[in-house]
Amino acid sequence: MSDMAIWTEKLVKTYPDVRAVDGLNLNVPRGVVYGFVGRNGAGKSSTIRILLGLARATEGHGTVLGFPIGREQVSILERTAYVSESKTLYGNLTPRELVRFTRGFYPRWSDQAVRKYSQLLEIPMDRPFSKLSQGNRTKVCLLLALSQAADLLILDEPATGLDPVVLDEFLRILVQDVVSEGKTVFISSHQLSDVEQIADWVGLIDHGRLLLEARLDDIKSQFRWVTVAGNDLPQTSLPEAMLVASEGNFHKYLVKKDADEFAAQLSRQGATIAEVSPMSLREIFLALVRKEERCTSGNVGEIAAAVSSSL
Amino acid sequence: MYVWKCWRDSRSRFIFFVIVISAVCVLFTIYAATPGGRTGFFRVGPASDVAYLWSWVATTLLQALTTIIALFAGLVLAPSSVGQEYQQQTLGFLFTRPRSRKYLNWTCWSVGACEILGLIATSVLGTFATLVCVSRYIYSWLLLAAILPLFVGAVAVYSMTYFLTVYARSSEKGLSYGVGILVISCFLPLAQPQLNHVLSHVWYGHVLHLASFLSLMWTGCGWIIAPAGAFPIGALIFYALLALAFPMLAQLVLERREV
Amino acid sequence: MLLHVNPASGVPTYLQIETQVKHYIAAGALTPGDALPSVRQLASDLRISTNTVARAYQDLERDGILRTIPGGRTYVAENPGSYLKAERVRRLRPYARQIAVEGTQLRLDPREIMQLVQQELDALEEDNERYGNLDRKAR
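Protein chains in written order, with the working numbering: chain U, 38 to 348; chain F, 14 to 272; chain W, 2 to 140.
Treat the hints with care, since some could be wrong.
[To be verified] Some, not all, of what chain F presents toward chain U, calculated at C-beta under 7 Å:
hint, residue
1, M14
2, Q101
3, T103
4, S113
5, A241
6, A243
7, R270
8, E271
9, V272
These are computed hints drawn from the structure, not numbers from a lab. Note that the structure is a prediction, hence the values are computed from the model and not measured. Note that beta-carbon positions come from the ideal geometry of N, C-alpha and C, so glycine has one too.
Using the sequences provided together with the hints, build the complete structure.
This is the structure in structure tokens:
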């Protein structure tokens, strides 16, 4: 667990009216880009706040960069750069003054990085923060995070207000200067297309627990839509298949792995395989998170159970 | 770096109070230096009676005016940096810097306490300068010792307001509560004779007297200007402890709070 | 070398890179000895994670298609097919099986499937000739 960048075990966070985090077991390896995705209210922000020491976990424990959360929080914060969702900094200070304020906290701060990135990201360095547009505010937050020379970057919605050009530039900087140095990037975002582009790993959180945590490449090579035509619903005992839609004769399954075997099984039972097609991250996300028809073959795979229990 | 930021947040208010105190001293010098008998609120004897002059200027300026200004400063400076963090919602940023909340709490408090010290020193030195200007004679260096009771009293007010700002998560609320408590506390000694009568326990009276923030500053300065009886050392210690207890409480609150 | 990846497609990015590199080599656009961009450079250009590119390069190297000199650049291997014929046939068999399965599922008959494969082979050869001509002209 100490070789993980972020590791949690049975993390729970309860508020008076809701269980925001409900037994979360995160495993973020070092040196990867980890995309933390989920709906609003799924528990992403609560998790991040716990990792950073802004909130305390009700149950469970974890480590960040090998240091236990809570007990050695300052050690974690020395090595972690954070860009919050709200991106609020001191309104009366200019970016230049904010840099001056922030650099004192970090011995490994790089002034050269500040000069380079402030130019690349086109940041107006002498305008008070309160007078900056949302996009510029995001850029300032990103600048502070990049110049810190942190081992771990935790970015909560890093693309807010960024135009496509700046976002592209930021992704390039992230790849070239952060990921290639072996640092870890933990991105929490709704922008699935950005996550899909740059992430190595994906963790999908829903109602406070992980529905999925795997390499993005593996997810993509294994998740498939299988569309079949058949008169009566074919019976299958594969736990990784979930019926997602039915229309007349046609049935659409979401298959988590071994799609070919599943298709072969169905065709042996007389169904016609119309198509076995790959899925984008967005489709996987929507299918796993949305409440769809349960698989009538009575599968009790974790996914199917989650879906049926929420109906 | 956080020191710089706390200073920057309260800088304008600090400078404002320095100007106010200096202006009061200057105006007072002008008034006191005007020849002829003085009438009105402050009656004083012939200007050639140095001791009398000293007493009058010091009492009015130091004990009354600058004490009150220092108290106000204590009230106003406290919410400035802590309250701003809450108002601007930048606590999420601040608390994710690699410093313990204990450090941040005490740094913020200390900057304000130093500013209070600066203001008190300004007012005492200003008064001293006024006296020298008016009487052209240094009557007593002991006057400079007035820094101690004034500082402790003002810092106590500051600490209280600081804690209230942290607790209420707001500059305005902190300030309002501080003003409220201060005003009530000033009038508490009025009840002393009645309560003494009712309770017939002398120490209740002492407690009530203590509960007034002004009491330390008032009697402390009074003793320095015209030593009589015992120096209120008990009150001094009490308020010094209070001045340290409030930020400790604030630290506990901040450490437990979720952002 | 200009590659293109589509992160939103269902095909994993590292596979897209591998396929394109193999295609370029097969078409003659990349010849043995040509240098490939560094992992960092390619990742940065494509705005994808270096781990993805590294994986693609590693897979290609394991298959004998690329060669990395220690601490240096990656090159197209001199003899991309320096395995025994039997080994090469063994490596191709899964793909052949896949074509057979997919073709059957799509209800194509064996003759149509073979025709398809032949068409692809012909197209590759055309590309090869075309790039070969360009190459000669460039020199």
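Each hint tested on the structure:
1. Satisfaction of the interface hint for M14/F is found here, the shortest Cβ-Cβ separation to chain U being roughly 3 Å, below the 7 Å cut-off.
2. The closest approach between the C-beta of Q101/F and any C-beta of chain U is roughly 6 Å, which is under the 7 Å cut-off, so the hint is satisfied.
3. Checking T103/F against chain U by beta carbon gives a least distance of about 6 Å; that is within 7 Å, so the hint holds.
4. Satisfaction of the interface hint for S113/F is found here, the shortest Cβ-Cβ separation to chain U being roughly 6 Å, below the 7 Å cut-off.
5. For the restraint placing A241/F at the interface with chain U, the shortest Cβ-Cβ distance is roughly 49 Å, beyond the 7 Å limit, so the hint is violated.
6. Interface hint status for A243/F: violated, as the beta-carbon distance to the closest one in chain U is roughly 47 Å, over 7 Å.
7. With a cut of 7 Å, the hint placing R270/F at the interface with chain U is violated, because the nearest CB-to-CB distance is about 10 Å.
8. Interface hint at E271/F: satisfied, since its Cβ lies 4 Å from the closest Cβ of chain U, which is below the 7 Å cut-off.
9. For V272/F, the interface hint holds, the least distance from its beta-carbon to any beta-carbon of chain U being 4 Å, beneath 7 Å.
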